[in-house]
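Put chains B and C with the ligands on the given structure of chain A with help from the hints.
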Amino acid sequence: MKAPDFGYVRPSTLAECLATLNEYGDEAQVLAGGQSLMPLMNFRLAKPGILVDIGGLPELATTRWETDHVVIGALTTHDTIATSDTIREQIPLLSDAAPHVAHVAIRSRGTIGGSIALADPAAEWPACCLALSAEIELASLRGGRRVPADEFFLGLYSTDRQADELVTGIRFPMLDDRRAHTFDEVSRRRGDFAIAGLALSCDLVGPKFKDIRVALLGVGDRPVLARGAMSVLEDAEPSDATTETAIEALSAELRPPDDPMYPPDYRRQVACVLLRRALNKLMG
Amino acid sequence: MTRVFPDLVGAEVPRDRAKRLLAGRGCFVEDISPPRTVHVAFVRSPYPHARIREIVSGAAATAVGVIQVLTASDLEYVVAPWRATHDRFPEMRAPEQIALASDVVRYQGEPIVAVIGTTRTLAEDACELVEIEWEELPQIGDVAAALSPGAPRVHETLDDNLFFETSIASGDAEVALAEADLVVERTFRFHRHTGVSLETRGILADYDPTEQRLTVHQSHQTPHQQQDLYARLLDLPEHKVRVICPDVGGAFGLKHHLYADELVACAAAVLLGRPVKYIADRFESFQSDIHCRDHEVHARMGFTSAGEITGLVIEDRFHAGAYGQYPRSSVAEGNQIIRLTGAPYRLGAYRADLKMAFLNRGILGHIRAVGHPIAATVGEALIDLGARELRSDPIELRRLNYLKDADFPLTSAGGVVFEKLSFDACLNAALSKVDVASFRNEQSELKARGVFRGIGFNTFVELTAIGPEYYGEGGQHISAQETCLLRMEASGQVRAYVGTTDQGQGIDTGIQQVVAAGLGIPLDDVEVISGDSVLSPMGGGSWGSRGAALGGETAWNASQKLRSNLLAMAGFLLQKEPGELDVHEGRVTNPSTGATHMSVSEIARTGHFRPYTFPDDLPTDLTVTARYASRGRLFLAGNGIQVSIVDVDLATGLVQPIRHLVVHDCGRILNPLLVREQIRGGVVQGIGSALYEELYYSEHGGLLTGSLADYLVPMAPEMPDIEVAHVETLTKTSELGAKGAGEAGLAGAVGAILNAVNDALVPTGAILTEVPLSPPRILKAIEKARRP
Amino acid sequence: MTPEPQSHVPISLKVNGELVTAELPVRLNLVDFLRGDLGLTGTHIGCEHGICGACTVLVDGRLTRGCLMLAVQANSTNVETIEGADASGRLMVLQHAFHRSNAIQCGFCTPAMLLSAAELLRVNPRPTRDEIRDWISGNLCRCTGYQAIVDAIIEAAA
Ligand SMILES: Cc1cc2nc3c(=O)[nH]c(=O)nc-3n(C[C@H](O)[C@H](O)[C@H](O)COP(=O)(O)OP(=O)(O)OC[C@H]3O[C@@H](n4cnc5c(N)ncnc54)[C@H](O)[C@@H]3O)c2cc1C
Ligand code: FES
Ligand code: FES
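Protein chains in written order, with numbering that gives the first Met the number 0: chain A, 0 to 283; chain B, 0 to 787; chain C, 0 to 157.
The shape of chain A in the complex, shown without the other chains:
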């Protein structure tokens, strides 16, 4: 299949880009790495009226280091994240998740901003954002704003981003040394979108889990924060009993989608397995 026709705009400044989005609203669609949008267009499942190619805005591909935050530019590729030493040092959860994102030739063009804006429920980055309490930076002619990841993902391929807004970056809190994390997922084949995945981040001070965040992918219409399991674990001492209770809570709170290939019970079970493995790993 061949893509349907559209009008092409390649802004050379952010201002131009925002003006274009402002002018065309819903009719416009941003083209970042194209690794999700192009397949949809090739199948004629996406038919943008105006395609706004942001490839001419290199400033969106930079990483900005603030005092206690790192802002990864929206156009940063999966591959850049996978191979960055500073990211491995500062936000290792992202480095651990990166190899699970697709294949080398897709990681070379696909971007974190595209993944966040698309909000595929089985994608890695949105769940990582939840686990790390990241904020999504948005810009429009109306001004800029930051939306916590918890409030950004609203449903299947649906986010809080307005039609005139551009995702410009993802803002991650810099982590201190006490912070532990783990990422794991289950997929049939290497690089496939996961059946289920889990990103976990917590403080392990003394004998207790503190500020624990458990985010899952593939088990709902959006990336989900496992609030039930988190409240069991928060302030709890790691133990087999804690693990079992957390798993029960997780199992009760998940509502995986109907899918003839992977029935809800199956995804739920995989999510529970991932939580067990993650907690076992943290407990060494």
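Note that these hints are calculated values from the structure, not bench results.
Treat the numbers as computed from the prediction; the structure is a model and nothing was measured.
It is possible that part of the hints are untrue.
To be verified - Across the chosen pairs, the derived CB separations fall in these ranges:
# : chain 1 : residue 1 : chain 2 : residue 2 : range
1 : C       : Asp36     : A       : Pro256    : 41 to 47 Å
2 : B       : Arg345    : A       : Gly283    : 56 to 62 Å
3 : A       : Pro262    : C       : Arg99     : 45 to 51 Å
Cβ atoms here follow ideal geometry from the backbone N, Cα and C, with glycine treated the same way.
The following block gives chains B and C with the ligands in isolation, referenced to the frame of chain A:
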């Protein structure tokens, strides 16, 4: 006395043609674009069953870049309808098929409107402008529903949905089961999958009305079959139709049929008098390529307490989709299953019933290893189950029941002639590579650490090199006879024109070796030319593992004819008896001393330019043909065994193959390098069938797995390394003694994986009989075993 | 000031070292441009949705899906296809190894497989079998058992 063949037969020769492909110089259909080429895109049915009330295509016809819009009525006088009959099965139903649906569509993806545009993109744009008013009809998606009384009918002209039924019996199997000490009984489910060649189907048809000449480039396995079909269906003189199969990017059986869309491309070329190209996109491929499998097999096997099989009864419930595939019809997969289940064993009595329905689904047909994986899986899973119940060693149970050397030749319970098979030898070879006792130790150690590893064995019979009696008596115009034409040029170099085709299996190289060896000239002095219905002598192309056994034998015969002419000519020139001469490395030599008398090129030059040198009655033809067709047998049977070792993750249901071994007997091997990777490729497809590949439909009959993101094919990381070993039992029905090798990998892998998974799951009590073994199915089976 | 949406865009890029300029319809993707407009038919199309990898080429030295990039996005880049890589001789060792090991049947996956393999050997000159399998996880080969491909890459690395 067995003939000793020159070393070149059986040598590991890399393929010549590969060099071109490695340099990016391949030439596939899509790469060919003559001037004035136009492109077709299709409007296809979104429904599995619906009536077309009205087609409104005016906007499409006037859209930018559109040359013409075709519907059924435009083709009425251009393309004849067809019926997929098979005279061996006169009771099989074969409703009429036409190129574009006119009133009722019976499967999703059925082509309805063809839009011809200056580019594919513009043709697709115009397709979106075609409006069809539909009346949805009740759709039938499974065999039980289709065959239940009062079910809505797929074809209104038929009184029910029965497509075909037949049975085979040998002895009284019911009595044998009644008298058995143990009967194991299971229902096996094999889900639906498809071939997924990496290059999709494609065709470029060009028509010159001044000469009534149709020239077709097509990604296809059987150029002569297509030539005949296009001539008949388009009412053209056959000798004016040329079908060329250039490089073909994988075929696996899905490219040896007639497809309506491809025929429309030819018809459009005839109507427009210019080249028309149609390349299926991946979405269309999943909907409209031939599908396969989708069987439910109920099976019962009886044993004595000592472990001897007393009888086997199977019933296969299967379907054709909406129509039989043309021209081969769709009965073969079911027929192979009833022929082959339990085939490696002394079965006592046997009975097999096959019942096939019509469904509102895409057409089911012949894809690689037709029926084989199912037959082998059912038989071998039952043996394992029997061993469990009898508390005996599954390997010994196999050995006890295998057909023995002394049993051959025989006609099997399923009615196939087995000349000589080598079950014990293959098993012994496998056991020399896999130490089962130490595996069992490792298995229990691993289990203690929570790793569930299992081993599975799968003995299989492979039916290859189908003889002319099958389609000949069927009334189809499908050649199972091969002809080879050898043309020696003045240089002494040879062109071999053959009717077999090569989609990467490497048969061209195998034939090159046979011809060079047979003539006694260097390998590089032979080029094989295949895949062109004008250049190649009439032949069958490639399907059913026929290249080496039939094409190879034909080439050998031709080489002997030419060689004998060369010797006669040399004898005359040297004034020696032909028996005193040999041809070796392109030279005529003295067989006892090896001394060179003259070169082959000298004979060739003399023959071509100074023919008067030779007396009139000397056979001096430097262009010879030979043909070969087997007689009185439907198949050449080969056999083998596969062993799989897998890990099953009990928490997630994921299966990881760890090790895979194939011991295979295909008679004489022309080129082990080629056979090895051919087998491995088949194994990987078999692992795909066992673990990944499945076409899912919604409850409304809509295909849910219409892309490579949803339909999972095996990729490199999950595949194990695959060891291949050979036993060589030559067939005496030919000089070369070669049998086919293309089905073996796929035939044996599915059951090996299933048995390995069930072995790993022994501690859980779960037994699976449904493939693919998707993780949810595995967890469900474990859960069921836990709470019976 | 918003830029005017374009239906055609002029581009200029290097393809296999040669300067190419063209004015292209914006919806044309890179692989269709390479194959259809430039006649570089060594790059293949197997799915048009990013899975099979047959369309993989190098854009500015990075492995890229030709079906998932607009041709106009290749403006000012350096594109290398199998034709260029073959002519440069840089694939020779791999090509020989693929040939000897019979790591190729129909050859449809082969050009992209070679480019991927060469890129792997550039970043990891001594890969293990598992690393090779992992790296080519986005290159579908439907004919071989992958094993000969892995063997060939190991041989080329040696
Ligand atoms: C074979 C294959 C396998 C894959 N496997 C995985 C996987 O395992 N995990 C995974 O996470 N992803 C996977 N992907 C998707 C890939 O990661 C994509 O790169 C990613 O989802 C989207 O990023 P992109 O830059 O390519 O976005 P695009 O495709 O360009 O855009 C995606 C969507 O986001 C919008 N958008 C993009 N950027 C912005 C922005 N800055 N502001 C506002 N809107 C924007 C677009 O309009 C579009 O709707 C896979 C893709 C393929 C083809
Ligand atoms: S054609 Fe581009 S990945 Fe398949
Ligand atoms: S050789 Fe045919 S797809 Fe790889």
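The hints, checked one at a time:
1. C:Asp36 / A:Pro256: 41 to 47 Å: With a Cβ separation near 42 Å, Asp36 of chain C and Pro256 of chain A satisfy 41 to 47 Å, so the hint holds.
2. B:Arg345 / A:Gly283: 56 to 62 Å: holds (58 Å)
3. A:Pro262 / C:Arg99: 45 to 51 Å: Since Pro262 of chain A and Arg99 of chain C have Cβ atoms about 47 Å apart, the given range 45 to 51 Å holds.
Violated hints for the displayed structure: none, as all numbered hints are satisfied.
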